[in-house]
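**Q** Chain by chain, the residues:
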Amino acid sequence: MAHPTPTQEFLLGIRDQLPLQLGVVPFGMVFGVLGIASGLSDWQTILMSSILFGGASQVVFAQLWMAGAAPWIVGTSVTVLNLRHVLYSVTIAKYLRPLSLGWRIILGYLLTDEAFAVSIKRFENTPPPENAHFHLLGSGLTLWSFWQISTIAGVLLGATLPARLNLDFAIPMTFIAIVAPMLRHSPHLLAALSSGLAAVFGQDLPWNIWIIAAALTGILVGAFAERWTRAT
Amino acid sequence: MIWIVMVSAGFATFLMRMSMFSGLIQRPLPPSVDRYLKYVPIAVLSSIIAASIFIEPETHAPTVMNSRVIAGAIAVFVALRTKSVIATIAAGLGCLWVFENLI
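Protein chains in written order, with the numbering used here: chain A, 607 to 838; chain B, -18 to 84.
No lab work stands behind these hints, which were simulated from the structure alone. Possibly wrong hints are sitting among the right ones.
Unchecked claim - Computed cross-link-like contacts, EDC-like style, restricted to lysine to aspartate or glutamate with a CA-CA straight-line distance of at most 16 Å: (1) A:K727 x B:D15; (2) A:K700 x B:D15; (3) A:K727 x A:D622; (4) B:K19 x A:E730; (5) A:K700 x A:E736; (6) B:K19 x A:E832; (7) A:K700 x A:E730; (8) B:K64 x A:D622.
Keep in mind it's a predicted model, so treat the numbers as computed, not measured.
Please work from the sequences and hints to get the whole structure.
**A** In structure tokens form, the structure reads like this:
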């Protein structure tokens, strides 16, 4: 069968990313509200969604800044929180390395949790679709657009958005929607459980190191569990 | 000052995202690494899920006694049964809303 055209891949990326926006939009609005509540200006809040472009790290940035933390602590916390993107980068690198520099810059900028989770499945088809980078472009741009619009909506709505809606809970729910169907074999389940445990008990580690520590724990447990189940 | 911190942290995040296909690291990784990399999405996202559900937002203490745990469990069940992203998010948020506001 012929490979899908770039346009088809791009549209497929948009289509695969759209359902997740049910979780992304509430979280973007939560960030918009929080940014203003933390004492950031409208522009600082709105532009942070383009400059940092990472939900959890933007929340941490706003909260630490409001708490009066030293700038280097804010910068370090945000950077360590985003270290997990190196893992995404390693995973997707072999597919993106042949692309032009312009493509790699754009796709690097767009490589978020959701865009990665949706598009890596496309790249991992065998054989990898020739135009799969258009899939990542479509899913990445979809997420980017919804994130910007929902941030602006949050800034405009401000405190009229009631806290009892618990909209910040939308992001773990989108991640459950992504992860639960991936848990097909026991090594996958063990990777998820061990990473979750490490995250819960690593909360007190400095600079949000828990997230990368938990991720590495899950990866190692999964890979070793797989080797062990093969050997027996 | 806030702009300097924001732009530096944003640039650092961009560099981390692009790092492995930036061209700065020339040597491709050995194929044996793939065994580990296939657990990246599960491991990273599970850590964020667990921290959002089992950590009390105010006290930062681990807990299993809150409505988020039940809402999360229902979302996992819906995700496994329906494989629908929209149904999962709606079930999780809906249950939490019911628990926190009606019960």
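**Q** Does each hint hold? Answer for all of them.
**A** Hints versus structure:
Annotation: proposed proximity of K727 (chain A) to D15 (chain B) holds, straight-line Cα distance about 14 Å (limit 16 Å). With a C-alpha separation of about 10 Å, the suggested pairing of K700 (chain A) with D15 (chain B) holds against the 16 Å cut-off. With a CA separation close to 10 Å, the supplied pair K727 (chain A) and D622 (chain A) stays within the 16 Å bound. Pair hint K19 (chain B) plus E730 (chain A) holds up; C-alpha atoms about 10 Å apart against a cutoff of 16 Å.
Taken as a hint, the K700 (chain A) and E736 (chain A) pair is honoured in the structure, with Cα atoms around 13 Å apart against an allowance of 16 Å. The suggested pairing of K19 (chain B) with E832 (chain A) holds, with an alpha-carbon distance near 11 Å, which does not exceed 16 Å. Only pairs whose Cα atoms come within 16 Å are accepted, and K700 (chain A) paired with E730 (chain A) is accepted, the gap being roughly 11 Å. A distance of roughly 13 Å separates the Cα atoms of K64 (chain B) and D622 (chain A); the hinted pair therefore holds under the 16 Å criterion.
Every hint, counting from the list given before, is met by this structure.
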